[in-house]
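K.L.:
Now for the letters of each chain:
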Amino acid sequence: MNIGENIYNLCNRLFPICRSITGAGVRETLRIINESILDTGNQLTIHEIPSGSTVFDWTIPKEWVIREAYIEDEYNNRIIDFKNNNLHVVGYSTPVDEWCDHEELLEHIYTQPDQPDVIPYVTSYYSERFGFCMSENMKNSLKSGRYHMYIDSELIEGSLTYADLVIKGEESKEILITSYVCHPSMADNECSGPALLAELIRFVSSMEKRRYSYRFVLEPESIGAIAYISQNLDQLKKNVFAGFNLSCVGDDNAYSVIETPDADTICDRVIKNALIGRPNTTYYSFLNRGSDERQYNAPGIAIPMISFCRSKYGTFPQYHTSDDNMDFVSPEGFMGSYEVLTNVILALENNYKYKSTVLCEPQLSRRGLSKPISQKGIYGNEMNYRHFLAFSNGKNDLIDIANKINIPAAELLFYAQKLEEEGLVEKF
Amino acid sequence: MNIGENIYNLCNRLFPICRSITGAGVRETLRIINESILDTGNQLTIHEIPSGSTVFDWTIPKEWVIREAYIEDEYNNRIIDFKNNNLHVVGYSTPVDEWCDHEELLEHIYTQPDQPDVIPYVTSYYSERFGFCMSENMKNSLKSGRYHMYIDSELIEGSLTYADLVIKGEESKEILITSYVCHPSMADNECSGPALLAELIRFVSSMEKRRYSYRFVLEPESIGAIAYISQNLDQLKKNVFAGFNLSCVGDDNAYSVIETPDADTICDRVIKNALIGRPNTTYYSFLNRGSDERQYNAPGIAIPMISFCRSKYGTFPQYHTSDDNMDFVSPEGFMGSYEVLTNVILALENNYKYKSTVLCEPQLSRRGLSKPISQKGIYGNEMNYRHFLAFSNGKNDLIDIANKINIPAAELLFYAQKLEEEGLVEKF
Amino acid sequence: MNIGENIYNLCNRLFPICRSITGAGVRETLRIINESILDTGNQLTIHEIPSGSTVFDWTIPKEWVIREAYIEDEYNNRIIDFKNNNLHVVGYSTPVDEWCDHEELLEHIYTQPDQPDVIPYVTSYYSERFGFCMSENMKNSLKSGRYHMYIDSELIEGSLTYADLVIKGEESKEILITSYVCHPSMADNECSGPALLAELIRFVSSMEKRRYSYRFVLEPESIGAIAYISQNLDQLKKNVFAGFNLSCVGDDNAYSVIETPDADTICDRVIKNALIGRPNTTYYSFLNRGSDERQYNAPGIAIPMISFCRSKYGTFPQYHTSDDNMDFVSPEGFMGSYEVLTNVILALENNYKYKSTVLCEPQLSRRGLSKPISQKGIYGNEMNYRHFLAFSNGKNDLIDIANKINIPAAELLFYAQKLEEEGLVEKF
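As they're listed, the protein sequences go chains A, B and C.
With our numbering as the guide, the letters of the first sequence map in order to residues 1 to 428.
With our numbering as the guide, the letters of the second sequence map in order to residues 1 to 428.
With our numbering as the guide, the letters of the third sequence map in order to residues 1 to 428.
In case anyone wonders, no lab produced these hints; they're calculated from the structure.
One or more of the hints may lead you astray.
As the list makes no split between identical chains, a pair holds if one copy fits it or if it spans any two.
Under the rule of at most 27 angstroms between Cα atoms (straight-line distance), these lysine-lysine pairs were calculated in the DSS-like manner [stated by the list, open to error]:
(1) LYS62 to LYS173
(2) LYS418 to LYS376
(3) LYS404 to LYS272
(4) LYS83 to LYS168
(5) LYS427 to LYS168
(6) LYS376 to LYS168
(7) LYS376 to LYS83
(8) LYS62 to LYS395
(9) LYS237 to LYS404
(10) LYS353 to LYS427
(11) LYS371 to LYS139
(12) LYS139 to LYS376
(13) LYS237 to LYS395
(14) LYS238 to LYS395
(15) LYS143 to LYS355
(16) LYS62 to LYS371
(17) LYS353 to LYS237
(18) LYS173 to LYS371
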């Protein structure tokens with residue numbers, strides 16, 4: 001089984017679970033992910049923060065327990081049922097068990113009128129209410145009559161769950177990779193991010209030599225990131241030099257990046273490098289942020305983090321609807337994202353500054369690094385050697401040079417290492 | 001009466017007066033302007049600099065007195081008459097009272113051959129001569145015969161007149177607003193600038209709280225600006241941090257700005273901000289300068305000043321001709337310019353640096369600053385709150401943040417103040 | 001005879017000589033060039049570095065002696081003969097005197113299949129072999145049969161030859177101008193560069209006043225530049241502040257520049273200035289380098305050097321083939337290159353910082369530097385005076401100002417000097 005299929009299959013296991021920012025769904029999700037990486041010898045540590053705890057400007061909300069939810073008509077036909085699709089209930093709905101007329105029912109129904117076939121994803125975490133989601137077409141087909149609104153839910157004094165794992169490297173400096181585990185049954189947004197993150201744990205675990213430490217975090221979006229930062233601020237600020245948030249990484253469309261506020265950090269440099277040669281990539285300014293990069297890049301925190309997507313969240317019609325299902329993601333889509341992220345890791349791990357050890361150009365041909373005969377139009381890869389040497393001035397690092405040459409650093413690395421073996425450059 | 005009409009009406013009162021760089025017309029213009037702002041409690045102070053005074057590299061010229069000017073034919077028909085249009089006489093013409101033939105007459109006639117219907121505006125301040133201006137068509141219709149050239153003018157030992165007004169604020173730092181009062185009967189260039197300046201005196205006078213002081217200056221173009229700077233150099237260099245020259249501000253066309261030499265000052269930043277959302281604005285480099293921004297930005301003076309126009313001087317066919325009349329300006333045209341300039345003032349007055357007081361994003365929904373329910377496609381103005389907070393890092397000021405978000409600072413200010421009231425940002 | 005013709009004629013004298021990176025052809029080339037500049041009183045000094053000498057990472061190769069080379073068929077018909085075109089033998093071919101069959105012959109034949117009519121230019125300096133070059137069409141017309149491969153050559157313990165000339169100026173700071181003398185009979189690449197360089201020696205020799213010193217270097221490409229730098233490193237690093245490599249400077253096409261690594265040196269600034277008004281100039285990044293700018297800009301050397309071309313080497317079909325003959329260059333082509341380079345020299349010689357001596361604009365009209373009467377649409381060259389003054393702030397130098405105004409510095413100089421004479425600016 002190839003890696004793309006592996007990620008796809010994990011995504012598929014996570015898909016059916018009803019998640020919210022707290023509760024059993026989050027815990028079950030994290031359990032499955034840990035199960036999937038048992039072979040690596042590494043496990044995410046699960047943390048619980050009690051309801052009512054203060055995290056910066058916020059309070060951890062009550063934990064949401066959801067058991068059953070449906071609407072039935074006066075003939076006991078179930079119009080919608082949470083069992084069929086967990087998007088049918090507004091996230092954090094309070095319990096209800098009432099018969100009402102058609103008009104009152106409509107006050108509790110949410111639809112996406114511009115996409116009349118889909119069930120929208122709606123939540124109300126911090127304002128107590130109950131509600132049902134259905135397609136606009138279904139709503140329009142409802143006749144007058146009596147309806148039974150039923151939600152068996154509870155808001156209890158529980159806790160918010162998150163998970164992290166630090167895999168140590170030679171240096172205490174950390175690369176942070178995050179995604180979030182609070183969305184119910186939507187595939188790209190957001191079963192894809194956690195599934196890719198699990199595979200990246202496998203990749204990092206298998207590295208023979210790790211220069212940097214790696215911190216993996218899975219958290220409920222927003223409140224979870226705030227809670228995590230609140231509980232780990234000193235460590236994060238001291239160690240993390242580059243953060244990557246994964247969201248919507250499983251579809252087949254072109255890549256998207258949400259840049260840091262000034263678009264000038266190592267994260268911005270390395271992701272642009274890793275995406276060289278991937279056509280139609282879109283770089284969105286920080287004005288278009290929307291996921292946990294909001295918290296990490298916030299003033300006072302200032303941990304540089306880009307968000308990495310294929311289709312950017314919020315821009316595709318399937319987003320936050322029942323159409324974001326397992327048909328919208330694919331093994332190929334996952335594989336591309338995996339390649340980009342592992343190229344990011346390779347680039348960062350090897351991002352030394354390089355300095356040429358000889359004056360003027362060295363003689364490559366006697367080292368077998370260029371062809372011995374000169375005729376126009378006949379060049380091999382020798383230009384990569386030449387370019388690397390030309391920019392190895394002790395100020396440029398691998399990513400600088402790769403960006404100048406316009407090739408991925410992970411690819412240029414081969415040439416850098418060869419030149420280092422030949423003693424023609426030194427790194428520091 | 002709305003403000004645009006108010007400015008238009010003042011422009012209309014100034015239009016008929018024959019102005020030049022010295023003389024009665026300038027004084028009458030300043031008198032009318034002072035009359036128009038009597039209600040504000042503020043008055044421009046009138047200054048006179050005697051002819052022959054040295055101002056930097058220049059000498060204040062003699063004062064021009066013009067009483068009458070015409071050309072009549074041998075049948076005593078007046079071909080042109082200064083009474084009908086004061087553009088008919090070349091500015092600073094010396095007196096003449098001579099009969100001549102058609103050929104000699106032509107030597108003293110100025111036309112705009114590429115616009116055969118208009119009377120051009122011509123001056124000769126520093127080289128004594130006399131001359132008449134008429135349309136190319138009129139010139140071509142003149143028959144051979146005798147003509148009487150008559151100009152009743154004098155160049156006397158008088159003075160050059162300018163006016164200024166400083167309205168004090170909490171700080172001694174000043175915002176400088178200038179325009180010029182040396183052009184005869186042309187509406188946009190330049191009765192419009194002084195008329196708008198008068199209305200801005202009313203606006204500044206009415207501000208409940210003024211952080212900055214405001215310096216308003218009306219002067220003859222070039223020589224007047226040089227004289228003014230020469231007589232006020234220390235004060236200007238010590239206090240003025242942003243200058244705005246008003247020229248051609250009454251027509252209905254898109255806005256234009258002449259940038260400072262390096263286009264990097266607070267003037268450039270704030271005018272670009274105030275013009276966000278105004279379509280087709282043209283930014284001209286300093287190479288295209290032509291009004292008093294030339295003197296203020298000169299090496300050794302280096303007071304940053306942009307020029308603000310609707311149609312840029314020199315670029316429209318009516319410019320410096322009899323077609324630049326009251327039909328070319330409008331209350332709507334003035335109103336737009338007034339809005340832009342008052343937005344500039346509001347932006348500068350409130351241009352503090354802002355710093356978020358909380359770590360990570362604050363919870364806006366519990367403060368009523370964002371909607372409590374989350375569904376895609378349903379956003380209010382909450383993004384302005386979020387963006388403002390995201391860039392309130394203690395380094396960006398209001399105009400920086402507004403330029404990043406791409407909205408006028410005067411509009412963003414509402415959100416900044418609300419966040420400040422909530423204690424979520426502090427300014428300094 | 002005009003200068004363009006003069007350069008063309010010298011190019012024409014150099015064209016027939018068979019050059020390589022060592023040997024008699026280089027010496028004969030340098031002898032002719034010295035003969036051509038006898039009138040200047042300056043002569044290039046000829047240097048020899050023995051075979052086997054170490055120059056940085058390289059070893060000076062054996063000297064190549066080539067006397068005769070041909071292929072004949074079994075009827076003693078000479079298929080190709082070195083006498084007819086010295087491109088027919090692969091550069092640095094070892095001797096051979098063998099009869100072989102058609103199949104073996106083909107192993108030693110080099111063609112340019114995508115240009116079937118031309119003889120390609122092929123060399124093998126550092127890997128011993130022998131070979132013949134011919135057109136693809138000729139190769140395809142060869143029948144089976146016996147062939148006689150004959151090359152009368154030697155690789156001897158000799159030396160590599162280069163030449164230099166320093167013409168002293170008031171300052172010890174040097175402008176370096178280089179080209180190379182290792183290519184056999186190709187006109188644009190590279191008889192043109194040495195021919196233009198000789199004319200620039202004449203120009204510099206004739207300057208009445210020289211602020212800077214000028215270093216002219218002719219060397220075999222690559223190994224020669226490395227050898228030269230190796231033997232003159234301290235002097236070069238101490239004195240040279242701007243380098244210009246001449247290559248392919250005789251054709252009629254638009255100009256090309258290969259920028260320095262960061263495209264930010266005085267060389268980049270001045271060449272861009274000198275090329276203002278020359279349409280369709282192409283600026284190539286350092287990634288497109290290919291001549292001796294590779295060695296001078298290398299890390300550790302870091303002497304800023306741009307390469308100047310008309311058609312850039314490597315981009316035109318005639319490049320490195322027998323079609324790069326005297327028909328591809330022209331007196332007009334040379335003249336344009338000469339004008340650009342002499343403008344570069346004038347710009348650098350006069351590249352002082354300027355500071356206005358008066359506050360505000362000076363009165364140009366009383367100095368006869370602007371017209372005395374003001375009417376729209378009637379301007380002379382006075383804007384050059386005004387622009388020069390406006391940017392003479394003591395920070396900008398002549399080239400800065402000229403680049404801002406977008407005219408060649410050599411042209412702006414007239415205005416700068418006039419203003420200096422009038423005491424309106426001072427330079428330092």
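K.L.:
If a hint holds in the structure, say so; if it does not, say that too.
P.N.:
Quick rundown of the hints versus the structure:
no.: 1; hint: LYS62 to LYS173; in the structure: neither (35 angstroms within a copy, 53 angstroms between copies)
no.: 2; hint: LYS418 to LYS376; in the structure: within (25 angstroms within a copy, 51 angstroms between copies)
no.: 3; hint: LYS404 to LYS272; in the structure: both (12 angstroms within a copy, 22 angstroms between copies)
no.: 4; hint: LYS83 to LYS168; in the structure: neither (42 angstroms within a copy, 71 angstroms between copies)
no.: 5; hint: LYS427 to LYS168; in the structure: within (23 angstroms within a copy, 41 angstroms between copies)
no.: 6; hint: LYS376 to LYS168; in the structure: neither (50 angstroms within a copy, 39 angstroms between copies)
no.: 7; hint: LYS376 to LYS83; in the structure: between (69 angstroms within a copy, 23 angstroms between copies)
no.: 8; hint: LYS62 to LYS395; in the structure: neither (52 angstroms within a copy, 37 angstroms between copies)
no.: 9; hint: LYS237 to LYS404; in the structure: between (30 angstroms within a copy, 26 angstroms between copies)
no.: 10; hint: LYS353 to LYS427; in the structure: within (5 angstroms within a copy, 40 angstroms between copies)
no.: 11; hint: LYS371 to LYS139; in the structure: between (72 angstroms within a copy, 24 angstroms between copies)
no.: 12; hint: LYS139 to LYS376; in the structure: between (71 angstroms within a copy, 18 angstroms between copies)
no.: 13; hint: LYS237 to LYS395; in the structure: both (26 angstroms within a copy, 19 angstroms between copies)
no.: 14; hint: LYS238 to LYS395; in the structure: both (25 angstroms within a copy, 22 angstroms between copies)
no.: 15; hint: LYS143 to LYS355; in the structure: neither (77 angstroms within a copy, 54 angstroms between copies)
no.: 16; hint: LYS62 to LYS371; in the structure: between (70 angstroms within a copy, 20 angstroms between copies)
no.: 17; hint: LYS353 to LYS237; in the structure: both (24 angstroms within a copy, 24 angstroms between copies)
no.: 18; hint: LYS173 to LYS371; in the structure: neither (41 angstroms within a copy, 39 angstroms between copies)
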